[in-house]
Structure formats: C-alpha cells, structure tokens
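Colleague: One line per chain: the protein sequences are A and B, in this order. Going by this note's numbering, the final residue of the first sequence carries number 290, and the count climbs one at a time with no gaps. Going by this note's numbering, the final residue of the second sequence carries number 290, and the count climbs one at a time with no gaps.
It is worth saying that the hints were derived from the structure and are not from the lab. Just so we're clear, the structure is a prediction, and the values are computed from it rather than from any experiment. There could be a bad hint or two in this list.
[Claimed, not checked] Result set (EDC-like, lysine to aspartate or glutamate): computed pairs, CA atoms no more than 20 Å apart in a straight line: (1) A/K240 - B/E23; (2) B/K99 - A/D217; (3) A/K24 - B/E207; (4) A/K24 - B/E160; (5) B/K252 - B/D197; (6) A/K284 - A/D236; (7) B/K241 - A/E103; (8) B/K99 - B/E168; (9) A/K24 - B/D163; (10) A/K174 - B/D217; (11) A/K24 - B/D165; (12) B/K240 - A/E123; (13) A/K94 - A/E267; (14) A/K24 - B/E103; (15) B/K24 - A/D163; (16) B/K24 - B/E2; (17) B/K24 - A/E30; (18) B/K24 - A/D221; (19) B/K24 - A/E23; (20) A/K41 - A/D217; (21) B/K41 - B/E23; (22) A/K41 - A/D221; (23) B/K231 - B/E23; (24) A/K174 - A/E267; (25) B/K41 - B/E267; (26) B/K258 - B/E227; (27) B/K208 - B/E227; (28) B/K99 - B/E30; (29) B/K174 - A/D221; (30) A/K99 - B/E103; (31) A/K200 - B/E123; (32) A/K174 - B/E23; (33) B/K24 - A/E207; (34) B/K174 - A/E160; (35) B/K200 - A/D197; (36) A/K241 - B/E30.
Read off the chains here:
2 protein chains.
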Amino acid sequence: MEKILLEYRNLINKELEKNIAPEKPEILFEAMRYSVFAGGKRARPLFMMAVCDSLGGNIKQCLPFAAAIEMIHTYSLIHDDLPAMDNDDYRRGKLTNHKVYGEAMAILAGDALLNRAFEIIAEECCNNLNIGNMYAFRYLTVAAGACGMIGGQAADILSEGQDIDMREILFIHKKKTSALFCAALNMGAALAGAGIDKIKRITALGEKIGLAFQIRDDILDITSTQEILGKPVNSDMRNKKNTYVSLFGMEKTNGDYKILSAQIYSEIKNIFGDNNILYYLVSKILDRDK
Amino acid sequence: MEKILLEYRNLINKELEKNIAPEKPEILFEAMRYSVFAGGKRARPLFMMAVCDSLGGNIKQCLPFAAAIEMIHTYSLIHDDLPAMDNDDYRRGKLTNHKVYGEAMAILAGDALLNRAFEIIAEECCNNLNIGNMYAFRYLTVAAGACGMIGGQAADILSEGQDIDMREILFIHKKKTSALFCAALNMGAALAGAGIDKIKRITALGEKIGLAFQIRDDILDITSTQEILGKPVNSDMRNKKNTYVSLFGMEKTNGDYKILSAQIYSEIKNIFGDNNILYYLVSKILDRDK
C-alpha cells in the first residue's frame with residue numbers, strides 16, 4: 001500500500017511541476033512554486049485518487065484535478081498566513097510566503113494559484129468534454145468558495161476572541177476544512193463514474209474525515225512541538241482561536257476523536273469493501289503526528 | 001443603440017444579483033456585494049455580449065460568463081487597492097473595500113469573487129455541455145491568470161520606481177488590461193460559435209481595444225478631476241507608476257491614441273460590418289471622460 005501512495009504522490013508532484021513551470025514575471029512564479037513545493041502532504045489529491053482507484057476508475061483522469069485542488073489548498077494557506085489574517089511567520093518549517101516575497105507578491109501568488117487551478121481544469125475540459133469532468137469541476141468550485149472554505153475562513157476570523165457555541169464551531173470546521181476534503185472524495189468518485197447514491201454516502205464520509213482531520217490539527221497544535229510540526233505550537237491559543245479543544249477540553253476531544261475515527265473506518269469498509277487503498281490512507285492521516 | 005446597451009446592462013446586473021444573493025457569513029457577502037455594485041461600467045461583459053450579438057449569437061448564453069468576468073475584474077480591483085499593493089482609499093467615488101471591511105475581509109471578498117466566477121461557469125457547464133462554453137471558460141482562465149492579468153499586476157508592482165522601456169510598459173498593459181478585454185471579445189465569439197480564423201482577428205482587435213482603454217485611463221488620471229473620476233487623480237505619478245504618458249509625454253500619447261482609435265474603428269467595420277452594436281460601444285468607451 002505504501003508503494004501505491006508513493007506512486008500517487010510522484011504523479012501529483014509531476015503534474016504540479018508541469019503546470020507551474022517558471023515563466024515571466026519570474027518572481028511571481030517563484031513565489032507560487034515556493035509554497036506549492038514546500039513539503040505539503042498532498043492529502044486532498046491523495047484522497048481523490050484513492051477514491052477513484054477504489055471505485056475502479058483510472059487515476060490518470062484525476063491528475064489535472066489533483067493538481068488543481070492542491071493549488072487551491074496552497075493558495076488558501078498563503079492568504080491565511082498574511083499579516084492581516086493569522087499573521088504566521090512559519091509554515092511547514094519554512095518562512096511563510098509573505099515573509100520571503102513580501103505581502104503584495106504573496107497576495108498575487110495566492111490569486112495566481114487559485115486561478116491556475118481553473119486554467120488546468122479548463123484545458124482538461126476542452127480536451128475531454130465529459131460529464132464526470134464537469135461534476136468534478138463543480139464540486140471543487142462550490143467547496144472552495146464563499147459557501148465553503150472561504151466562508152469558513154471568514155467565519156473563523158470573525159469569531160476570534162468571541163464566545164461561540166458548538167454549532168458555530170462545527171460550522172467553521174465543516175466549511176473551512178471538511179468542504180475541500182469532501183470535494184476531493186466526491187471528485188474522485190465523479191471521475192470514476194460513480195452514481196448519485198454512492199456520491200451522497202461519500203459526501204457524508206468526507207465530512208467526517210474533514211472534521212477528524214481538523215480536530216487532529218487542533219490536538220497537535222497543543223501536544224506537539226515546533227520541531228515536529230514545522231510551525232509554532234499553541235498558535236490557536238495565542239490567536240484566541242476557538243477550537244474543539246478550547247471548547248471541550250482535551251479529554252472529551254480525545255474521546256470524541258476515537259468515536260469519530262471508528263465511524264469513519266466502518267463506513268469506508270461499508271462503501272469500498274475490505275483492504276482498499278482509501279482505508280490505508282485514512283489510517284495514515286488520522287494517526288499522523290505532524 | 002443606447003437602448004440595447006441599457007438592456008444588456010440590466011441583464012448583467014440581474015445575473016450578478018442572482019449569483020451573489022446574501023448568505024452566511026453575512027459580512028463576507030456584504031463585502032463582495034459592496035464592490036460588485038459600486039457603479040462599475042460593466043465594460044467587459046458589455047463587450048462580450050456586443051461581440052456575440054454582432055456575430056448573430058444568443059446573448060442569453062453569455063450571461064453566466066458575463067457575470068463571471070465582471071466578478072474577476074472586481075476582485076482584481078479589491079486586491080489592487082490593498083495597502084500592500086496600490087494602497088488606494090477611494091474607487092468610483094466610494095471608500096475602497098478594505099477601508100470599509102478591513103484588510104482580512106477585503107482579501108477574502110476578492111478570493112470569493114474570483115472563486116464564485118468559476119462556480120457560475122461550472123454550473124453552466126454542467127447544465128450545458130458544449131464546446132463553446134468550454135472555450136469561453138478557457139479564454140477567461142488564461143487571461144485572468146499568472147500569464148495574463150495577475151502577471152501584469154505583478155510586473156507593474158515590480159516596476160514601480162524603476163526605469164523601464166517601451167517594451168516592458170507594453171508588456172504590462174497587454175497583460176494587466178488587454179488580456180481580460182481580449183478574453184471578453186473571444187468569449188463572446190466562442191459563445192456565438194465563431195471559427196478559429198475569426199477569433200484570431202478578434203484577439204488582435206481586443207489587444208488594441210485593451211491598450212486604448214488603458215492609455216485612456218492614464219490620460220484621465222492626469223487631465224480629469226477627482227469629482228468626475230470618483231478617485232484621486234495623479235495617483236500614477238504619486239506611486240511612481242510607469243505609464244504611456246510618463247514615458248512619452250502627453251503630446252505623443254494623444255497622437256498615438258488617435259492613430260490606435262482609427263485602427264480599431266476600421267478593424268471593427270472589417271470584421272463585423274457597418275452599424276453594429278460593438279462599434280457604438282467602443283466609441284462610447286474610447287471617448288469616455290471617467
């Protein structure tokens with residue numbers, strides 16, 4: 001299984017490399033490449049390919065969309081790190097984009113990555129006019145937008161320093177993190193030609209995986225170290241961020257996390273059968289220590 | 001002719017209204033709507049529809065793309081006005097987005113408008129799977145991206161306070177302004193089902209119109225007043241921007257502008273025949289005083 005994931009990751013990195021080859025203006029492309037090749041886990045594209053593969057689809061069809069979703073994830077990190085937003089200096093053990101290239105170029109590099117994601121998809125759609133591509137395109141746009149990831153980031157920023165309840169925190173998690181995970185899973189399913197009933201079940205699964213991923217992030221922000229994590233720990237507390245942990249404490253969070261994980265594993269077996277690559281990938285992501 | 005343009009503009013505004021109806025988080029949508037409905041000329045969508053109409057296409061097919069290109073234009077203004085970029089306080093006689101909603105929300109509102117443009121297109125492509133839609137989508141992505149508008153803005157920022165030559169200034173104009181104008185024209189042609197030879201001629205025309213539009217902007221920045229323009233004049237000089245005027249002086253700029261305009265009018269007649277809506281629209285845009 002590990003070998004398959006390595007092969008996926010190689011394909012994703014080659015596709016990214018192909019689609020942001022340096023051009024003029026050089027500094028803009030350098031800034032885009034700096035963050036895309038800063039050691040990301042490629043979790044979202046890996047999920048997309050694992051679902052497509054587990055449903056018997058051809059993973060090569062995922063590649064343009066895999067590169068696109070990774071670029072969208074990367075642009076969101078660049079913009080989130082800006083002084084006007086979370087004001088973070090480090091990300092994945094390296095200086096954040098604006099710390100290296102300045103704020104103006106970081107904003108533009110983010111914009112350019114978001115736009116480039118759709119350039120890649122447009123080219124693919126012109127070359128292969130099929131409904132699976134259209135639905136994959138649509139899932140991505142909705143998940144990344146004002147009613148998805150961007151809306152979650154806005155709600156998160158607006159809630160800083162405020163007392164918010166469980167419903168609001170779940171709203172933020174669902175939009176900010178789960179939306180793009182769900183999209184990754186749904187896109188893999190659409191590209192494998194899955195029907196609407198299967199996609200509905202996969203959407204529900206994706207929401208749970210996204211929530212688990214975010215809770216794991218929040219736990220690690222407290223229990224890990226800067227050396228392992230590659231970014232300062234306790235940043236949520238410093239920024240007065242509302243997280244699952246800050247709201248419910250570590251004990252309940254750990255307990256809920258275990259229940260959620262068990263549900264996820266069971267649902268994956270139900271949908272995809274035993275011994276599939278998605279199961280293996282999820283176990284790696286949920287048990288990660290960075 | 002004026003009545004036709006009014007009808008176009010009404011259709012564009014309705015399409016925009018439909019596609020950014022207020023949702024949660026309210027402030028994000030308010031910020032998006034603030035700039036989209038701040039009195040823009042709708043020049044790019046009007047060009048798209050005028051070309052489609054002049055080629056015998058159905059302008060209704062343009063509407064999702066018309067809303068999309070206007071949103072992309074609007075997001076670029078929001079981000080360009082940010083303190084880290086051009087640092088402008090006024091735009092179209094109103095406070096700029098970040099002056100009203102703060103920097104974080106202005107960055108997110110811009111991101112959300114760029115993303116929403118592609119949400120609209122994705123929905124349209126799912127509903128109407130045809131090659132004209134795909135090409136219109138592709139023209140837009142390339143023109144708006146790192147090798148188009150964003151690249152032009154990056155080059156513009158990098159050139160501030162530097163001595164640059166005519167070639168470089170034309171590169172910036174071509175990318176920053178012409179690219180999106182060209183795309184508007186090409187999209188209208190693709191949506192009307194035009195062939196590749198016609199589109200090539202329209203691309204060349206679009207580049208000229210875009211350049212003329214930008215030169216007119218630079219002239220008005222010097223010769224107009226804040227009352228008429230709705231934003232401070234002489235901002236290029238203050239920001240040490242390289243413009244056609246700063247490089248060649250007002251006399252040569254005016255002369256070149258006249259020659260360029262004459263070429264544009266003649267080429268429109270050649271491609272689209274006499275007495276068409278595009279000719280009328282171009283004359284209004286090129287002779288504008290704000």
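Colleague: Hints first: check each against the structure and report whether it holds.
Modeller: Now the hints, each set against the structure:
1. A/K240 - B/E23: violated, 26 Å
2. B/K99 - A/D217: violated, 33 Å
3. A/K24 - B/E207: Within the cut-off at roughly 19 Å; holds.
4. A/K24 - B/E160: Holds - the C-alpha atoms of B/E160 and A/K24 are around 17 Å apart, at most 20 Å.
5. B/K252 - B/D197: violated, 34 Å
6. A/K284 - A/D236: violated, 24 Å
7. B/K241 - A/E103: holds, 19 Å
8. B/K99 - B/E168: violated, 32 Å
9. A/K24 - B/D163: holds, 18 Å
10. A/K174 - B/D217: Violated - the C-alpha atoms of B/D217 and A/K174 are around 44 Å apart, more than 20 Å.
11. A/K24 - B/D165: holds, 16 Å
12. B/K240 - A/E123: Violated, at about 38 Å.
13. A/K94 - A/E267: violated, 37 Å
14. A/K24 - B/E103: violated, 28 Å
15. B/K24 - A/D163: holds, 18 Å
16. B/K24 - B/E2: violated, 38 Å
17. B/K24 - A/E30: violated, 36 Å
18. B/K24 - A/D221: This hinted pair is violated, its Cα atoms lying about 28 Å apart.
19. B/K24 - A/E23: violated, 39 Å
20. A/K41 - A/D217: holds, 13 Å
21. B/K41 - B/E23: violated, 26 Å
22. A/K41 - A/D221: holds, 17 Å
23. B/K231 - B/E23: violated, 30 Å
24. A/K174 - A/E267: Holds, at about 19 Å.
25. B/K41 - B/E267: The hint is violated at about 24 Å.
26. B/K258 - B/E227: Cα-Cα ~26 Å, so violated.
27. B/K208 - B/E227: Violated, at roughly 29 Å.
28. B/K99 - B/E30: holds, 14 Å
29. B/K174 - A/D221: violated, 46 Å
30. A/K99 - B/E103: Holds, because 18 Å separates the two Cα atoms, which is no more than 20 Å.
31. A/K200 - B/E123: It holds: about 18 Å lies between the C-alpha atoms, which stays within 20 Å.
32. A/K174 - B/E23: holds, 16 Å
33. B/K24 - A/E207: holds, 19 Å
34. B/K174 - A/E160: With Cα atoms ~42 Å apart, B/K174 and A/E160 exceed 20 Å; violated.
35. B/K200 - A/D197: violated, 45 Å
36. A/K241 - B/E30: violated, 23 Å
Hint compliance for this structure: hints 1, 2, 5, 6, 8, 10, 12, 13, 14, 16, 17, 18, 19, 21, 23, 25, 26, 27, 29, 34, 35, 36 are broken, all remaining hints hold.
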